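Chains F and Z, in that order, give the protein sequences.
The first sequence begins at 1 in our numbering and counts up one residue at a time.
The second sequence begins at 1 in our numbering and counts up one residue at a time.
There's no promise every hint is true.
To be verified - Short derived list, chain Z residues pointing at chain F, Cβ under 8 angstroms: (1) 1; (2) 47; (3) 49; (4) 51; (5) 59; (6) 62.
If you are wondering where the hints come from, they were derived from the structure by calculation, not from laboratory data.
Note that this is a predicted model, so its numbers are computed, not measured.
Ideal Cβ positions, reconstructed from N, Cα and C, are used throughout, including at glycine.
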Amino acid sequence: MDVRDANAAMLSNYEVYHLLTDLKEKRKESGKKHSSGQQNLNTIMYETLKYLSKTACSRQSPEIVKDFLTTMQDHKLTKAEKLQLLNHRPQTAVEIQLMVEESEERLSEEQIEELIQKVTDILPGDPEQEGEEDMEASADQ
Amino acid sequence: MFVLVEMVDTVRIPPWNFQRQLNEAVTEELNKKLANKVVYNVGLCICLYDIIKLEDSYIFPGDGASHTKVHFRYVVFHPFLDEILVGKIKYCSQEGVHVSLGFFDDIIIPPESLQQPAKFDEAEQVWVWEYETDEGAHDLYMDQGEEIRFRVADEVFLDTSPTGPSKAAEAPAVPGAGAGAAAAAPEPEQKKEPPYTLIGSVSEPGLGLLSWWNN
Chain F
1 MDVRDANAAM
11 LSNYEVYHLL
21 TDLKEKRKES
31 GKKHSSGQQN
41 LNTIMYETLK
51 YLSKTACSRQ
61 SPEIVKDFLT
71 TMQDHKLTKA
81 EKLQLLNHRP
91 QTAVEIQLMV
101 EESEERLSEE
111 QIEELIQKVT
121 DILPGDPEQE
131 GEEDMEASAD
141 Q
Chain Z
1 MFVLVEMVDT
11 VRIPPWNFQR
21 QLNEAVTEEL
31 NKKLANKVVY
41 NVGLCICLYD
51 IIKLEDSYIF
61 PGDGASHTKV
71 HFRYVVFHPF
81 LDEILVGKIK
91 YCSQEGVHVS
101 LGFFDDIIIP
111 PESLQQPAKF
121 DEAEQVWVWE
131 YETDEGAHDL
141 YMDQGEEIRF
151 RVADEVFLDT
161 SPTGPSKAAE
171 APAVPGAGAG
181 AAAAAPEPEQ
191 KKEPPYTLIG
201 SVSEPGLGLL
211 SWWNN
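Construct the complete structure from the given sequences, taking the supplied hints into account.
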């Protein structure tokens, strides 16, 4: 076996999640002819889907990803930084500082706030978590 | 977290699968070979992404199966250096905190990369961050099952291919003599080294248990 390119492309968590859910559907439809050697594939698919379904990527769609990337164009972030923002959906300035290298030099405080705002607006969040926050907010009022 | 890796391999399709579409048979064979396996210096293979090219299939004398050279792309788990990941704490030991992602288990955060000052609580077998504020020291425990955010500091690939007979323990060719020497003979338990290990770090603000940083 020959590895031609060990880094042909980077994949976002959403793309892998989508690929695995499609594969699962196809395998369910075609019946259970192939259980013998496929245990490894089943295991890795199950575990990876379990992990990814609990992250932000499970609520994303191709349009959301496209929107997000177009909005991020003006901020001059590297591909790796945009990918991390897409995969993690940071909500605080501390998280942004972790994912964006040298953020104190490259981004001012308003820009960091702007980033958080854009991320929160474009990428859908966890409905349970946001339900709790709404309830707390209305309770305070 | 995931990358696409372009690879080329020769896939053997046994005759009883000849009635299937070549693409499907090739996909199944590749997944059987690579899914959930670590490829040296590449990463943990997840599943086939697509087939780029299928070359001509050949049948060789003595083997009824067809052999096809396939160019394909595979989804591989291979986080880049300094990437931020979120996992669950599996357990703590003297070597550090062991973290798992569900589909990938061999992640370790060594004691020097923990939030300092840190100490190991022997009784509860758990690492503790002694967080100091003006009000006094808080002990923040890194309990099992907690979600933890960490940065990938390093990766270690080990070649776990079989080493061959020369390394095996000397065969007991002289059973009678050296009765005392034979006492140590029961082979020491082979400690299985994982083929792919990630070394993490949580020594920055924002890293560590998610509950430490959520308001």
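Now the hints, each set against the structure:
1. Annotation: interface hint on residue 1 of chain Z holds; nearest CB of chain F at approximately 6 angstroms, less than 8 angstroms.
2. This hint holds: residue 47 of chain Z has a C-beta 6 angstroms from the nearest C-beta of chain F, less than the 8 angstroms allowed.
3. For residue 49 of chain Z, the suggested interface contact is upheld, since its CB lies about 7 angstroms from the closest CB of chain F, less than 8 angstroms.
4. With a cut of 8 angstroms, the hint placing residue 51 of chain Z at the interface with chain F is violated, because the nearest CB-to-CB distance is about 14 angstroms.
5. Because the closest C-beta pair between residue 59 of chain Z and chain F is about 21 angstroms apart, greater than 8 angstroms, the hint is violated.
6. Restraint check, residue 62 of chain Z versus chain F: the minimum CB separation of about 22 angstroms is more than 8 angstroms; hint violated.
When each numbered hint is compared with the structure, violations occur for hints 4, 5, 6.
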